[in-house]
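**Q** Hey, can you work out the whole structure from these sequences and the hints?
2 protein chains.
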Amino acid sequence: MDGFLFIFFIVSSVLLSATSEASKCSINGFPLLVRNISELEQDNYGRAGLSHITIAGSVMHGMKEVEVWHQTFAPGSRTPIHRHSCEEVFVVLRGTGTVYLSPSSHLKHPGTPQEFSIFSNSTFIIPVNDVHQVWNTNDHEDLQMLVIISRPPVKVRI
Amino acid sequence: MDGFLFIFFIVSSVLLSATSEASKCSINGFPLLVRNISELEQDNYGRAGLSHITIAGSVMHGMKEVEVWHQTFAPGSRTPIHRHSCEEVFVVLRGTGTVYLSPSSHLKHPGTPQEFSIFSNSTFIIPVNDVHQVWNTNDHEDLQMLVIISRPPVKVRI
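So the protein sequences, as listed, match chains V and S.
The first sequence lines up with residues 1 to 158 when you count with my numbering.
The second sequence lines up with residues 159 to 316 when you count with my numbering.
Check each hint, because a few of them may be wrong.
[Claimed, not checked] What follows is a set of in silico ranges between Cβ atoms, one per label pair, in the way DEER data are often shown:
| hint | chain 1 | residue 1 | chain 2 | residue 2 | range |
| --- | --- | --- | --- | --- | --- |
| 1 | V | Pro113 | S | Gly207 | 24 to 30 angstroms |
| 2 | S | Asn287 | V | Gly49 | 39 to 45 angstroms |
| 3 | S | Gln291 | V | Asn36 | 19 to 25 angstroms |
| 4 | V | Ile37 | S | Asp297 | 20 to 26 angstroms |
| 5 | S | Pro271 | V | Ile37 | 22 to 28 angstroms |
| 6 | V | Ile37 | S | Pro238 | 23 to 29 angstroms |
| 7 | V | Pro80 | S | Tyr203 | 37 to 43 angstroms |
| 8 | V | Lys155 | S | Glu273 | 37 to 43 angstroms |
| 9 | S | Asn202 | V | Ala48 | 41 to 47 angstroms |
[Said to hold, decoys possible] Covered stretches of chain V (chain S as the covering partner; in silico rule of three or more C-beta atoms under 8 angstroms from a C-beta of chain S):
| hint | stretch |
| --- | --- |
| 10 | 53-63 |
| 11 | 118-132 |
| 12 | 142-156 |
Just so you know, the hints here were simulated from the structure itself, not pulled from any lab data.
Model, not experiment: these values are computed from the prediction.
Positions of the beta carbon are idealized from the N, C-alpha and C atoms, including for glycine.
**A** Written as structure tokens, this is what we have:
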């Protein structure tokens, strides 16, 4: 259920609100080139503890090569263990947490996931197709991140 | 001169320090997956008022589809008027400034550049090939931004 909801969230993240957002966020619609992130629509796509904002999206803004998201994970919330065939870069804006990464995920028997602490003003890159999970392991603080992916919209495999 | 330096800076932004940075920033080099942005090497590539950090780069980290930079412009400093055939997304982390964008730059006689205020926690997208310029028009504060581009390394036309 958890995994299903996540797939649903990722694949349709820019689709659900595309109609209502398209006009007010269009990059072709001067004078609205510059947008205040704190005024953009948030959604959790049925995933408790998540707040997702599409800063630059394929459907909403016509992006063809990159997407940029602003995501906030409440204490204890996390992504499922998943992979996708795109490049992904994280920039942690606030909070702390843990990222789990299974190197050599393309092999039949990938290695044991390795665990890394993430923190405000840190960054990490998830290699294409490597299995990973991001987890707000802090009991008190939100974990807020910018997420950059290539080849939008992302297709996730759990 | 200004333009030349900017081309030099952009095209070689990840090349200059690649050798020394490669080992300590490699995404394949566990356990250094997570990096503290404030400890990453900064450079200005001969451009006064600029501080550039490559968060995820093509040479330094093997990125093939996206690059992510952290750039700080001192008061009064700016990019030249330029264009490039990649998608570009800005996220303003701190400060204020102005972005100039010439819509329909692909036409022989593009329209007059339009001017937009940018501010902390704002975002904007530069369409592929549209002529633009980012300027820290604030006399007192730095302008700090995350810059995301596709198709690295960027090839700039002034």
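**Q** Does each hint fit the structure? Answer for all of them.
**A** Now the hints, each set against the structure:
no.: 1; hint: V:Pro113 / S:Gly207: 24 to 30 angstroms; result: 43 angstroms, violated
no.: 2; hint: S:Asn287 / V:Gly49: 39 to 45 angstroms; result: 40 angstroms, holds
no.: 3; hint: S:Gln291 / V:Asn36: 19 to 25 angstroms; result: 21 angstroms, holds
no.: 4; hint: V:Ile37 / S:Asp297: 20 to 26 angstroms; result: 25 angstroms, holds
no.: 5; hint: S:Pro271 / V:Ile37: 22 to 28 angstroms; result: 24 angstroms, holds
no.: 6; hint: V:Ile37 / S:Pro238: 23 to 29 angstroms; result: 27 angstroms, holds
no.: 7; hint: V:Pro80 / S:Tyr203: 37 to 43 angstroms; result: 41 angstroms, holds
no.: 8; hint: V:Lys155 / S:Glu273: 37 to 43 angstroms; result: 39 angstroms, holds
no.: 9; hint: S:Asn202 / V:Ala48: 41 to 47 angstroms; result: 45 angstroms, holds
no.: 10; hint: 53-63; result: holds (count 4)
no.: 11; hint: 118-132; result: holds (count 8)
no.: 12; hint: 142-156; result: holds (count 5)
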